[in-house]
Structure formats: structure tokens, C-alpha cells
Amino acid sequence: MSSFIHMGGYAGYVWPAYGVAVVVMAGLLVASLLGSRARERELKVLQELRPHRTRRGGDATKATEEATRADA
Amino acid sequence: MHRFANPARFLRIAAVVLPWSAAATALFLGAGLYYALIASPGDYQQGESVRIMYIHVPTAWMGMFCYTAVAVSSAVALIWKHPLADLIAKASSPVGAAFTFICLVTGALWGKPMWGTWWVWDARLTSMLILLFLYFGHMALINAFDDPTRGAKAAAILALAGFINVPIIKFSVDWWNTLHQPASVVKMGGPAIDPSMLVPLLLMAAGCKAYYILVLILRVRAEIAGAKIRTIRLMQVHGRNAA
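Protein sequences, first through last, are from chains V and C. Sequential numbering from 1 applies to the first sequence in the working numbering. Sequential numbering from 1001 applies to the second sequence in the working numbering.
Simulated from the structure, these hints should not be mistaken for lab results. Check the hints yourself; a few may be wrong.
With a straight-line cut-off of 16 Å between C-alpha atoms, the simulated EDC-like cross-links for lysine to aspartate or glutamate are [said to hold, decoys possible]: (1) C:K1170 <-> C:D1122; (2) C:K1187 <-> C:D1174; (3) C:K1228 <-> V:E40; (4) C:K1209 <-> C:D1194; (5) C:K1228 <-> V:E48; (6) C:K1228 <-> V:E42; (7) C:K1228 <-> C:D1174; (8) C:K1112 <-> C:E1048.
The model shown is predicted, which means the values in this text are computed figures rather than measured ones.
Starting from the given sequences, assemble the full structure and let the hints guide the process.
Written out as C-alpha cells, the structure is:
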């Protein structure tokens, strides 16, 4: 076990190398996962607040009319 | 290719692929790390420091692969105005930058004990550093404009202009006298590396590829959601102004 950690004297180079790789790759994965979840949560909130007539090819003016009426 | 143009369809396919890419990442990186750290020999000259190769080389390959993905999707975006192409370029860039960064750092950590120096301005190292700067420039351009379309277009042009760097990196060790060693794996006549070292190398490479797919799906999903959010917000603003 100790010879594994010792890495033939190169431990000071080998372990930081693997460490950098793990930290950067894990960090990017976590950041991407959290970012994806946050955006999709935000989208869900926005979509629940308003009906999406235009998404199904409906009348765009109707959606904006509703928005202005809701805001008035 | 047009089958994936519709974001909803992409999202459906991505939902199926995502768990497989996550499993493949864990499997290949796990097996690769086992072989890299435990079930492979040290080098007769470099001793245990050769194990750095199993991080350094796959991340170098991925740095070049991701930039190629950015360049290809940028070309598709510019020529065919494919809606997802810009998003794939935007999502791939940070992954490629991360791999290139890891490659440079692990290379320095390998170079110090083996060459006696952390860095040298030879063709391979310099062109890899330029690759990192190209990634940073690409990411900066995308975010530099209020209108995301303009940012995407400018970044796409940079990506294509910088693509010449990828073959330069690959052939740098042939075209110039470099401290960095010549190719041992992807070369005429096949790999010159022992199978006991080729196996962990290829396992790590496969794991990094699967990792790229995994992170790409997550990031493109976020971009698609972001585009929808922007559309809703624009409609809200437009609605208020129409009152």
C-alpha cells in the first residue's frame, strides 16, 4: 500500500496529476448538472405561470393580449 | 441530421442516451483508473511517473477532439443555420478547455521529473497552449454580445479560423524539432506502445469520450431551456409594451 502511495518516488508528481484531473472533471460535471437543473426549474416555473398558445401554433396576439390583461 | 434539428426530438434522444453515457463514463473511467494505477507496469526508464500518461494523453486527445466538434458545429451553424449547432458549439467549448488545461498541467508535472523542466516553448506545448487560449476566446466571444446570435456567429468564425491549430498540434512533433516525444499511438505502422500500457490508455480515452457526451447533453439541455426562457421573457416584455 505504501509503495502504491509512494509511486517509486514520483508521488509528488503523479498524485497531483490525478488530483487535478479528478477535481476539474468532477467540478465541470457538477456545475453542468446543477446549471441544467436550475434552468429547467426556472423554465417550469415560467411555463406554469402562463399558457403557451403560441407553442402549439396558435395566435401570437392572443398570448400577448392575455399577458397585458394579466398585468393590468 | 435534420432529425435532431427539433429541440424536442433532441431532448427525447438525449433523455435515452444520458443514463448510458453516465454508466459508460463510470465504467470506462473506473476500469481505466484501475489499470492505470494498479494493473499496469512502471516504465523501464520512467518508473511510476509513466502513470501520468494515462491522464495526460487521453485529455490531449479530448482537447483536440472537442475543438474539432466545436469547429464542425460552428461550420454547420454558419452554413445551414441549424438551430442546435450553435448550442453544441457553446456547450462543447468548456469541456474542451477543461481537458486541455488538465493536459497542460499533467504534462508539466510529467516534464519536471523526466525532462527537468516544467515547461519549454517547443511546438507541441506551445500549440496546445494556443488551443487553450482559442477555447477561452471562443467562450468569451459567445458571451460578449447582448444578442446571443451575434456572439454565436463571431465565436463560430473564430472556431473555424483556429481549426488549423489542430493538425499543427498533431504533426508538430514531426514538422519541428521538439522536446516532446514523437507519436507512439496514432502513427503509420500502428501503435509502438506495449499492450499492457495501451489498454489503460484506451480505457481512459473511452471514459473521457463518454464523459464528454454526458456533460454535453447536460449543457445543451441547459442551453435549450435558456433559449425557451429568453423567448418567454421577450414575450412578457413585448406584451407589457403593447398595453
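Verification of the hints:
1. C:K1170 <-> C:D1122: holds (13 Å)
2. C:K1187 <-> C:D1174: Holds, at roughly 11 Å.
3. C:K1228 <-> V:E40: holds (10 Å)
4. C:K1209 <-> C:D1194: Violated: K1209 of chain C and D1194 of chain C sit about 22 Å apart, past 16 Å.
5. C:K1228 <-> V:E48: holds (13 Å)
6. C:K1228 <-> V:E42: holds (10 Å)
7. C:K1228 <-> C:D1174: Distance ~48 Å between K1228 of chain C and D1174 of chain C Cα, so the pair is violated.
8. C:K1112 <-> C:E1048: Since the Cα atoms of K1112 of chain C and E1048 of chain C sit roughly 14 Å apart, the hinted pair holds (cutoff 16 Å).
In this structure, the earlier hints numbered 4, 7 are contradicted, and the remaining ones agree with it.
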